[in-house]
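Residue-level listing of the chains:
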Amino acid sequence: MTSTVNGTDVKHSTPDGEERPLLEIKDLKVDFTTQEGKVTAVDGVNITLYRGQSLAIVGESGSGKSTTAHAIINLLPGSGRIAGGQILLDGQDISKASKKEMESIRGRKIGFVPQDPMSNLNPVWSIGFQVEEAIRANGIATGRKEVRARAIEVLKQAGLQDADRRLKQFPHQFSGGMRQRVLIGMGLSADPQLLIADEPTSALDVTVQRVILDHLESLTRELGTTLLFITHDLGLAAERAEQLVVMYKGKVVESGPSLEILQNPQHPYTQRLVAAAPSLASRRIQATSHGEEAAGAHELGTEPATTTDTIDLIATAEARAEAHEAAMAQPPAIVIEDLTKVFKIRGSGDFTAVDKVSFEIPKGTTTALVGESGSGKSTVAKMLLKLEDATSGKILVGGKDLASLTGKELFDLRSRMQPVFQDPYGSLNPLRNIGNTISEPLVTHSVGDRASRRARVFELLDQVSLPRTLVGRYPNELSGGQRQRIAIARALALKPEIVVLDEAVSALDVLVQAQILRLLADLQAELDLTYLFITHDLAVVRVIADHVCVMQKGRIVEAATTDEVFENPREQYTKDLLAAIPGANLQLGA
Amino acid sequence: MAGYIARRLLQAIPVLLGTTFLIYFMVFAMPGDPVVALFGDKTPPPQVLEAVRERYNLDQPFIVQYLLFLAGIFQGDFGVSFSGQPVSEILAETFPVTLRLAILAVLIEMVFGIAIGLVSGLRKGGIFDASFLVVSLILISLPVFVVAFVAQYVFGIQLGWFRTTVGPGAPIQDLILPAIVLATISFAQIVRLTRASVIDTGGQDFVRTAASKGLSRRRIVPVHILRNSLIPVVTYLAVDFGVLMVGATVTEGIFNVPGVGRTLYQAIIRGEGPTVVSFVTVMVLIYLVINLLVDLLYAVLDPRIRYAK
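Protein sequence lines correspond, in order, to chains R and W.
Sequential numbering from 0 applies to the first sequence in numbering that gives the first Met the number 0.
Sequential numbering from 0 applies to the second sequence in numbering that gives the first Met the number 0.
Hints are computed from structural coordinates only; laboratory data are not their basis.
Do not take every clue at face value.
With a straight-line Cα cutoff of 27 Å, these simulated DSSO-like cross-link-like pairs (lysine-lysine) come out [as the list claims (entries may be wrong)]:
(1) W/K123 x R/K99
(2) R/K407 x R/K393
(3) R/K552 x R/K393
(4) R/K28 x W/K123
(5) W/K123 x R/K95
(6) W/K41 x R/K98
(7) R/K393 x R/K343
(8) R/K37 x R/K95
(9) R/K37 x W/K123
Residues from chain W that keep clear of chain R, each with C-beta distances beyond 12 Å, as calculated [as the list claims (entries may be wrong)]:
(10) L15
(11) D58
(12) Q64
(13) F94
(14) A114
(15) F205
(16) A209
(17) G213
(18) I219
(19) V242
(20) N290
A short, non-exhaustive set of chain R residues, derived as facing chain W with CB atoms under 7 Å [stated by the list, open to error]:
(21) I72
(22) M101
(23) K108
(24) F111
Where a beta carbon is used, it is the ideal one built from N, C-alpha and C, also for glycine.
Let the sequences and hints guide you as you build the complete structure.
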């Protein structure tokens, strides 16, 4: 059977030879009304999905993938409106369904698993209440006992083993992974034919992510539910779905069977996406001699296919090795010895967040601190930055013990050691323009005069490949990637020797992530920077770090060079983390 | 929970000591001799003045007067007013009246404020929203005594729906008009607060998730939007009580309500230290208790808040 997707012939395998697709989106167009006029977020999208199949929509944020999902269930945010096209569910155009009809379709025919488990459960109602109301609204069961029994059943199905005991608990008493299970249970509570999962795991740790996705996969197969999966992670999509639809700027640029697209991407954007996906990359990024690649990367709509990401491996590996040797000859930039942090928790004794952690970071290299949330990696960073005092142990920066520093010395140290934090939305003051944001450290440390500071701001903007015209703009006018560049520029303003990057790329899309990682590698080569790179994402580690320390429950369980860790992990925990990288086992064509 | 309440009540002690001292000092520092003023145009014989001063401890230095007063309070003795009536008796007569007035006012502003705020928030930018934005602006800009006089004239005299002054015993039907007037002070704030809160909650992810579960709008609005939006409104209620006390003083004067406000006003004019301080002490106490109750209510509304032992 053949159907046409944006001019390309795509073969669909229909498991039971059925004629009519379960979901058929034809020429879907979604408009948002803004102060500047109409913005078309989804423009002429065609998607066909057959019963029992799984399909993934892949794209970066702003590509319209989530908007497409929301349009299907007619829950577009704000001023969003379906401006054209058809959404056929089992032959019925639901884009024109009445409010009442739509209410009966939602939950019962189309289940929805939202993106962020933290914000998608109402904090003031118990878990049981929220599952039960879904069951009752869809008429799956009536009567207190039956509804309760069904709620326990769906939650157990979703992997919440002690569901009967936890029904009365509130969302804040559940971990992120557990909440996501609750949301999956809710989405499947009325046995829908179609389940839309909108980035169901992007807010979770990799290991948890894997467990949840495995579960979702087996559950939907068991129940015969058709799965529409939305993600920004190409590796994840290819691993989990039979069909792929790649979206870019509101349009479908490519679609077809997953492996085919991955091995032989046709559209330049898909090619870029395949090349940039850190989960699919295999080697550390080397500094590029020409920085303009990173600069040009965000405007790639119609660019011809470039293969910038293929790197002369041998030459760069040699250069890297030389640099590494030179670094080892010098005294290390940071030495951490037996560092321990104990938090006192009222009522329940002490909690050891960091337990006798020791490692060194040679000058001009990158050490990655890896672990799941709660493993103590961010606490180490905070102690290194002296935002938190160590309970015991030593931190030497440039040979000096942090504990012995006077106020003045500490102030000087802060100019040589700068942080970049995870959330580019939270770490920039929305009331200061970009110029003031970047020059703030210069003012604080009274470096130069107005004119020289301004010149330095321009220089920094150039270094992070942002146009100089941004100085007068405000953070809310910039994209996530641009903001993180600003945060990096601010960190570099004082010409530091050490930069502590705490999950600095975790919140970014793959392509932007790749740009920032490349930028960091370039800057390191150029300025001889030392990085402490904190992340939960091993895929990123592989492309940025020289050394890896794996942390679990406050301890370093494995420490070695990046290649050693990836090729020959010793600890089971490290192996679990590695196995959890989405797409790690996929074989790619050139 | 019990520990938390005990701690909060202990915190009230320094607050009470501080406020009584300040009020006592301010009354003491008021110009003019209250005893002389008591006699109006007549000039009383010096012996009488002496006797009155001695009776009310006015011949003692300030700090002694204050300590004597405090000692009295701890024994349950709030002193005696210039008219010879024990202050505790006046308190017992007037507080129930004002309390009724205040509760009525809070009910009116809450019911109407939240309902209008909810509808405005759900239909942001509509005609309903726009017109109540104008109404709330007018109410915010009008001083309460203007509203009181206009209401008294229009509803009391012109239309004759209510009595213009409150009769003896302050029956509920007489208190309705003053309560409405009192409610206008915070009504606009509550409408705006509820509106903003409803708009904020309405945009939350969990509201969309609730809809994706197949819930109807009729269930989502009260269960997932209104309930969450009430939390900031309840917080405002605690602060609002202080505003109501001030408003009550003015409103009670205009409608001749025999409540705390009017009595306090007269006591201030006469410079009756013990009466003023006793009234204020009780008011502060009520204010603290209401704030404590609101904080506890907070934990009921928001399960994330649990007070430490």
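Here is what the structure says about each hint:
1. For the given pair, W/K123 sits about 22 Å from R/K99 by alpha-carbon distance, which is consistent with the 27 Å threshold.
2. With a C-alpha separation of about 20 Å, the suggested pairing of R/K407 with R/K393 holds against the 27 Å cut-off.
3. Distance hint between R/K552 and R/K393 is fulfilled; the C-alpha atoms sit about 20 Å from each other, no more than 27 Å.
4. Proximity of R/K28 to W/K123 is assessed by CA-CA distance (about 26 Å); at most 27 Å being required, the pair is judged to hold.
5. Restraint check: the Cα-Cα separation between W/K123 and R/K95 comes to about 24 Å, which is no more than 27 Å; the hinted pair holds.
6. For the given pair, W/K41 sits about 81 Å from R/K98 by alpha-carbon distance, which is inconsistent with the 27 Å threshold.
7. For the suggested pair R/K393 and R/K343, the alpha carbons sit about 20 Å apart, so the restraint of at most 27 Å is met.
8. Taken as a hint, the R/K37 and R/K95 pair is honoured in the structure, with Cα atoms around 21 Å apart against an allowance of 27 Å.
9. Proximity of R/K37 to W/K123 is assessed by CA-CA distance (about 20 Å); at most 27 Å being required, the pair is judged to hold.
10. With a minimum CB-CB distance of about 28 Å to chain R, W/L15 clears the 12 Å threshold, and the non-interface call stands.
11. Separation of W/D58 from chain R is adequate, the least Cβ-Cβ distance of about 53 Å exceeding the 12 Å criterion.
12. Listed as outside the interface, W/Q64 is consistent with that label: its C-beta sits roughly 45 Å from the nearest C-beta of chain R, beyond the 12 Å cut-off.
13. At the 12 Å boundary, the C-beta of W/F94 stays outside the reach of chain R, the nearest C-beta of that chain being 35 Å off.
14. In this structure W/A114 is separated from chain R by more than 12 Å, as the shortest Cβ-Cβ distance comes to about 20 Å.
15. Distance to chain R contradicts W/F205 as a non-interface residue, since its nearest Cβ pair spans about 4 Å, not more than 12 Å.
16. Non-interface status of W/A209 relative to chain R is broken: a Cβ of that chain comes within 12 Å, the nearest being about 7 Å off.
17. With a least beta-carbon separation of about 3 Å from chain R, W/G213 fails to lie farther than 12 Å from that chain, contradicting its non-interface assignment.
18. Look at W/I219: its CB is around 10 Å from the nearest CB on chain R, not clear of 12 Å, so calling it non-interface is violated.
19. Its beta-carbon lying about 27 Å from the closest one in chain R, W/V242 satisfies the requirement of being farther than 12 Å from that chain.
20. With a cut of 12 Å on Cβ distances, W/N290 stays outside the contact zone with chain R, its closest approach being about 21 Å.
21. Evaluation of the R/I72 hint against chain W yields a held restraint, the C-beta minimum of about 6 Å falling below 7 Å.
22. This hint is violated: R/M101 has a C-beta 9 Å from the nearest C-beta of chain W, more than the 7 Å allowed.
23. Taking 7 Å as the C-beta contact cut-off toward chain W, the hint placing R/K108 at the interface is violated, the least distance being around 9 Å.
24. The interface hint given for R/F111 is met, as the beta carbon of that residue sits about 4 Å from the closest beta carbon of chain W, less than 7 Å.
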